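Trainee: Take a look at the letters that make up each chain.
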Amino acid sequence: MLKVTIDNHTIEVEEGTTILQAARLIGGAVVPPAMCYYSKLKESGGKCRTCLVKVAQGSARDPRPMPKLVASCRTLVADGMVVQNITSPEVLDTRKAIVEFLLINHPLDCPVCDQAGECQLQDLSYDNGREGTRFEEAKRTFKVVDIGDKIQLHMNRCILCYRCVYTANQLTDKRSHGILYRGDVAEISTYIQNDITNDFSGNMIDVCPVGALTDKSFRFKNRVWFLKPMNASRSCSKCSGKVTAWLRGEEIYRVTGRKDQFDEVEEFICNECRFDKKELTDWTIESPRNIQRASVISQNHYLKAKNPSVILPLENRTVSMEDFDKEINNELYS
Amino acid sequence: MTTINQNTGSLSGRSRVVSNKEMTFAERIYLPAIVKGFGITIGHFFKKSATIQYPEVKRPIAEIYRGKHVLKRDDEGRERCTACGLCALSCPAEAITMIAAERKEEEMHLYREEKYATVYEINMLRCIFCGLCEEACPKEAIFLTNEIVPSDLHRSDFIYGKDRLVEPLGKRVDVTHRQTAKVLAFKKDKNQSHNS
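Chains A and B are the protein sequences, given in the same order. Taken in order, the first sequence gives residues 1 to 334; the numbers are from the numbering used here. Taken in order, the second sequence gives residues 335 to 530; the numbers are from the numbering used here.
Chain A on its own, in the form it takes in the complex:
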């Protein structure tokens, strides 16, 4: 077992654990946000850079700090490692810059987007982003590509996290979409239009952290925060049949996988459950699904507030978080 300290919380983890996984074991505010890492998908992570943390002490044997911030989803812990996430102003500053980078080409059409309210990029920029934008140039736009009758692709919103590509790779034996081109013009596409037909293709919607891949059967039907998430199940020959049904009154507006506190699905579900079973009689409604209180989906649900975990500032930290924010703002705006 390896002993690792993250933001003054010490935890013992097995060898081969990444910093992000160790932080998730601690939970609360210590967990670095992750846009591309998905624990259920092998090899995911290392692309978005939002989970960067500072390693103040490499290990017990070699206590030197790591020279640069490291991606916590790809860095393995070592015994005696000391990691700073939200206790390090450097990390917070970098995260702010990364959010700005991610938003450079993001259209900010949240009022139109179906993902709004459960969008990880929205949450990330609320937590770490700046209020204004410094980007005055025209945003990058793509031609609309129809990738199938079930899923709507909005390439403009994509942040190239590769999650959907890994999903297709790892759930099916024949992936039919991928990233075309390189660099600034890289885009998710099928090359041949209307090509996504696989039975588990709908999971791409669930893994997408932004509104790039959305449910066509739910398109513009309702806003997620007006719907009531319920745990529902049915016996399905293809998948576990355990889903979240999003209801308003007696009507099922959409069906998704059950997502955990890190916004990752517990089990992947099949397209039949997701797109074809929209009647209340198809499902056994089990219980209301718990959504974190901070989410807009919990609006008006009157959940009990949970106190956030308190993280003591590191001894060598001199500026308070507020002062630090002010400093950064002054620097950027002056």
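Simulated from the structure, these hints should not be mistaken for laboratory data. Just so we're clear, the structure is a prediction, and the values are computed from it rather than from any experiment. Among these hints, one or two may not hold up.
Quick look at which bits of chain A chain B covers, simulated, 3 or more residues with Cβ under 8 Å [said to hold, decoys possible]:
(1) 106–117
(2) 223–232
Restraint-style ranges between C-beta atoms, simulated for each label pair [stated by the list, open to error]:
(3) 428/B <-> 46/A: 43 to 49 Å
(4) 181/A <-> 490/B: 53 to 59 Å
(5) 399/B <-> 138/A: 36 to 42 Å
(6) 521/B <-> 249/A: 35 to 41 Å
(7) 482/B <-> 238/A: 58 to 64 Å
(8) 436/B <-> 43/A: 35 to 41 Å
(9) 68/A <-> 399/B: 56 to 62 Å
(10) 58/A <-> 428/B: 52 to 58 Å
(11) 520/B <-> 295/A: 23 to 29 Å
Mimicking DSS-like on lysine-lysine, the simulated pairs with C-alpha atoms at most 27 Å apart in a straight line are [as the list claims (entries may be wrong)]:
(12) 238/A <-> 277/A
(13) 216/A <-> 150/A
(14) 96/A <-> 521/B
(15) 438/B <-> 216/A
(16) 96/A <-> 522/B
(17) 438/B <-> 406/B
(18) 143/A <-> 438/B
(19) 221/A <-> 438/B
(20) 68/A <-> 3/A
(21) 406/B <-> 221/A
(22) 40/A <-> 242/A
(23) 139/A <-> 438/B
(24) 392/B <-> 381/B
By construction, the Cβ of each residue, glycine as well, lies at the ideal position given by its N, Cα and C atoms.
For chain A, the structure is supplied; the task is to place chain B on it using the hints.
Mentor: Chain B only, in chain A's frame:
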């Protein structure tokens, strides 16, 4: 402990014992009291009337009065509302409902965004005219005007649909006075690019 007034038995100390004293002759013929009452009534004939003949005459209303809503169009006459649902979410009286739809190719000149509200209803009986919808709107689509919602005979007539909320093309509603200097400065800020 409360003390009880020994004379009246009152807890509050404000009750009075009814006086049954004999009336005098002048009081018994009632005439002086009647004349006095007429005097007060006739005196009102010569005072300035407090009532006005609404709706022919209207009292002045503040420009920033919060009255009937308007759904604004943009400079090109397209509807600004994109049915994001934030007004309905912010509404404390839950007076707003809407159904969204996708804009078709031939409707580009009607709606500004890809998504628009096919049905947009405000129940004026529920509305408390707080103006939170106006504050929540990210598209500057809904505003409150200084027009008063008229009375009506049926409850169903108070549910205002798009026919009564969207501003007519020929009769644009000016809402600039509702936007303070601070808001206008905010809109001009190039760092706030979502305002167009």
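Trainee: Now tell me, hint by hint, if it's right for this structure.
Mentor: Now for the hints, and whether the structure bears them out:
{"no.": "1", "hint": "106–117", "in the structure": "holds (count 6)"}
{"no.": "2", "hint": "223–232", "in the structure": "holds (count 3)"}
{"no.": "3", "hint": "428/B <-> 46/A: 43 to 49 Å", "in the structure": "45 Å, holds"}
{"no.": "4", "hint": "181/A <-> 490/B: 53 to 59 Å", "in the structure": "56 Å, holds"}
{"no.": "5", "hint": "399/B <-> 138/A: 36 to 42 Å", "in the structure": "41 Å, holds"}
{"no.": "6", "hint": "521/B <-> 249/A: 35 to 41 Å", "in the structure": "38 Å, holds"}
{"no.": "7", "hint": "482/B <-> 238/A: 58 to 64 Å", "in the structure": "59 Å, holds"}
{"no.": "8", "hint": "436/B <-> 43/A: 35 to 41 Å", "in the structure": "36 Å, holds"}
{"no.": "9", "hint": "68/A <-> 399/B: 56 to 62 Å", "in the structure": "59 Å, holds"}
{"no.": "10", "hint": "58/A <-> 428/B: 52 to 58 Å", "in the structure": "56 Å, holds"}
{"no.": "11", "hint": "520/B <-> 295/A: 23 to 29 Å", "in the structure": "27 Å, holds"}
{"no.": "12", "hint": "238/A <-> 277/A", "in the structure": "14 Å, holds"}
{"no.": "13", "hint": "216/A <-> 150/A", "in the structure": "5 Å, holds"}
{"no.": "14", "hint": "96/A <-> 521/B", "in the structure": "24 Å, holds"}
{"no.": "15", "hint": "438/B <-> 216/A", "in the structure": "15 Å, holds"}
{"no.": "16", "hint": "96/A <-> 522/B", "in the structure": "24 Å, holds"}
{"no.": "17", "hint": "438/B <-> 406/B", "in the structure": "20 Å, holds"}
{"no.": "18", "hint": "143/A <-> 438/B", "in the structure": "17 Å, holds"}
{"no.": "19", "hint": "221/A <-> 438/B", "in the structure": "16 Å, holds"}
{"no.": "20", "hint": "68/A <-> 3/A", "in the structure": "22 Å, holds"}
{"no.": "21", "hint": "406/B <-> 221/A", "in the structure": "23 Å, holds"}
{"no.": "22", "hint": "40/A <-> 242/A", "in the structure": "16 Å, holds"}
{"no.": "23", "hint": "139/A <-> 438/B", "in the structure": "23 Å, holds"}
{"no.": "24", "hint": "392/B <-> 381/B", "in the structure": "20 Å, holds"}
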